[in-house]
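Student: So the chains spell out like this:
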Amino acid sequence: MKDMIEIRWHGRGGQGAKTAALLLTDVVFQTGKYVQGFPEYGPERMGAPITAYNRISDREIRVHSNIYEPDYVIVVDSSLLHVADVLAGLKEDGALIINTEDSEEEVRRQLGGYQGRLYMVDAKKISLATLGKYFPNTPMLAAAVKITGVMDEAEFLSAMEESFQHKFAKKPEVIEGNMKALRMTLESIQ
Amino acid sequence: MGKKDRMSGNEAVANALRQINPDVMPAFPITPSTEIPQFMATFAANGLIDTEFIPVESEHSSMSASIGAEAAGARTVTATSSCGLAFMWEELFIAASNRLPLALTLVNRALSGPININCDHSDSMGARDAGWIQLYAETNQEAYDNMIMAYRIAEHKDVRLPIMICQDGFITSHAVMNIEVLEDDVVKKFVGDYAPDDYLLNKERPMAVGPYAVSGFYMEAKRQQAEALRNVKRVALEVAAEYEQISGRKYGLFEEYRMEDAEYAVVIIGSAAGTAKDAVDRLRDEGIKAGVIKIRFFRPFPAAEITAALKNVKAVAVMDRCEGFSDHGGPLGADMISAMYQANLNAYAVNYIYGLGGRDVKVESILEVFAALQEIVSTGKVGETYRYLGLRDRKDA
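Note that the protein sequences, when read in sequence, are chains A and B. Okay, so the first sequence: first residue is 5 according to my numbering, each after it adds one. Okay, so the second sequence: first residue is 22 according to my numbering, each after it adds one.
The hints are simulated quantities; they were obtained by calculation from the structure and are not laboratory data. Because the structure is a prediction, the values reported are computed rather than measured. Heads up, some of the hints might be wrong.
[Claimed, not checked] Straight-line Cα separation of at most 30 angstroms, DSSO-like style, residue types lysine-lysine; simulated pairs: (1) 95/A - 383/B; (2) 95/A - 128/A; (3) 254/B - 224/B; (4) 174/A - 25/B; (5) 175/A - 25/B; (6) 95/A - 137/A; (7) 178/B - 243/B; (8) 37/A - 24/B; (9) 37/A - 224/B; (10) 383/B - 37/A; (11) 243/B - 254/B; (12) 171/A - 95/A; (13) 171/A - 254/B; (14) 254/B - 37/A; (15) 171/A - 178/B.
[Claimed, not checked] Just so you have them, the derived chain A footprint on chain B, three or more residues with Cβ under 8 angstroms: (16) 62 to 73; (17) 195 to 209; (18) 376 to 385.
[Stated by the list, open to error] If you only want the chain A side, here are some residues facing chain B, beta carbon under 8 angstroms, derived: (19) 41; (20) 66; (21) 67.
Glycine is no exception: its CB is placed at the ideal position from the N, C-alpha and C atoms.
Here chain A stands alone, though its shape is the one from the complex (with noise of 0.2 angstroms):
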């Protein structure tokens, strides 16, 4: 692993991308490693753009700035892509994940013509056929951490599995969807 790995989130308010970064940061500690979860907040409302970050180190994180050069981008939303410079600053051995039910031409073709390291995650199919609803977070986490690296994904499967007994102690029934819809991630993407 790089000395750091720095992620940026871009998703829509309300879509639990900021969620998505702090489940990240809460599974990465378990790891023992140093981990850094923060959103960035603007006037926020229901659907407006939204960034988060993550910074995953062996070492302690001192910065506390936004992420500008990010190794990987997570897309949660792929309207974005009209809204949002999404690859701005992107390294060039880093790479773009990104909730799409697209073709990898037309994502290409949106993203202007982008050649780098691409991943496609069809969040919305595994959410429909996992917990019945779209909730596009959970699949874009397991998605983070499996083209991350950042932990082993049997480590990873019980670390949420026991986060999600704490988050939904008042509704036991969400927890198999959503342990179902990290498998169905994990195992999605080559």
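With the hints as your guide, set chain B onto chain A.
Tutor: Frame of chain A, contents of chain B only:
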């Protein structure tokens, strides 16, 4: 020693308060306040603390109720941010002049307008002359540690002053990071019980709080307040030494980072100090002798101690996350540069206004400041001493 965990700065302070279990917490429960009262209300509702949580209708009332509770003899805390602190303005002076050692946990955010919710230090800097002790934190860890040390400093018989525990809005308050927390019983033992000598509810020794003082007495009362604030420096170091025993973490009135042989120094408050340390490491790798002084106590201001740490530097940049509207620089700049003059320091000094309303501070931003200091030393020309960092349309104001 402690337990490794991860939490936001708000959670960190709320957990320190859970461990301290203060007697009373009056707080305005919604914006502009923070998640801290929300966490505390939940702890109280769940029986984790027996703190009396009083949701009030304004910050003027939360500080008034805090004053009443503390005067009655209860260990009291309140929390706010931004314009909430501004709304407490009149009451802040009353808390300090009545020598009430209550605590306020502040999340530093900009004041309107333009309307902005993000970090800067305008709120607490506006209250710097109110007679409160002010401590600032770089990280969630420091906010937690400062909160645990707060009552030991404020309640000390040589001090008896209110204390403001500040952290950077969103940058630390909402960022989840690693932290090491102490065991509950260790914190409880360290903080101890509050046993004031005199308090309103003690019917054996009746007393008055907040009386009128004619001109023949007022000035002496103020001088006593000033002396109590001066005593904070000694008491804070004693408390920090004890805290190191239970936590392993060492605290001074300020932190020196790579200052031993530094020629160029940045004096800075809050989270941007961490970013400045990364900048210093980069410069040190290039052989440039850079260092950082991070203010922990802004009130009292450790003028003599800081200038002693700066005695060999060639140039200093004092960083203010607040526009003081003096047309001469910011509040830290004013204190620092007068302290340097009194100490006969022979170093160039400039004052930067930075990071207002959440303007991001990058490692490169701090490198730019150090480059300016090098330029000043190499040319012998200081130029404009009141500067802006990271302004969009021009570099220096």
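Student: The structure should be examined with respect to each hint, and the outcome stated for every one.
Tutor: Taking the hints in turn, this is what the structure says about them:
{"no.": "1", "hint": "95/A - 383/B", "verdict": "17 angstroms, holds"}
{"no.": "2", "hint": "95/A - 128/A", "verdict": "27 angstroms, holds"}
{"no.": "3", "hint": "254/B - 224/B", "verdict": "34 angstroms, violated"}
{"no.": "4", "hint": "174/A - 25/B", "verdict": "27 angstroms, holds"}
{"no.": "5", "hint": "175/A - 25/B", "verdict": "29 angstroms, holds"}
{"no.": "6", "hint": "95/A - 137/A", "verdict": "34 angstroms, violated"}
{"no.": "7", "hint": "178/B - 243/B", "verdict": "17 angstroms, holds"}
{"no.": "8", "hint": "37/A - 24/B", "verdict": "15 angstroms, holds"}
{"no.": "9", "hint": "37/A - 224/B", "verdict": "56 angstroms, violated"}
{"no.": "10", "hint": "383/B - 37/A", "verdict": "23 angstroms, holds"}
{"no.": "11", "hint": "243/B - 254/B", "verdict": "18 angstroms, holds"}
{"no.": "12", "hint": "171/A - 95/A", "verdict": "34 angstroms, violated"}
{"no.": "13", "hint": "171/A - 254/B", "verdict": "44 angstroms, violated"}
{"no.": "14", "hint": "254/B - 37/A", "verdict": "36 angstroms, violated"}
{"no.": "15", "hint": "171/A - 178/B", "verdict": "45 angstroms, violated"}
{"no.": "16", "hint": "62 to 73", "verdict": "violated (count 0)"}
{"no.": "17", "hint": "195 to 209", "verdict": "holds (count 5)"}
{"no.": "18", "hint": "376 to 385", "verdict": "holds (count 5)"}
{"no.": "19", "hint": "41", "verdict": "5 angstroms, holds"}
{"no.": "20", "hint": "66", "verdict": "4 angstroms, holds"}
{"no.": "21", "hint": "67", "verdict": "5 angstroms, holds"}
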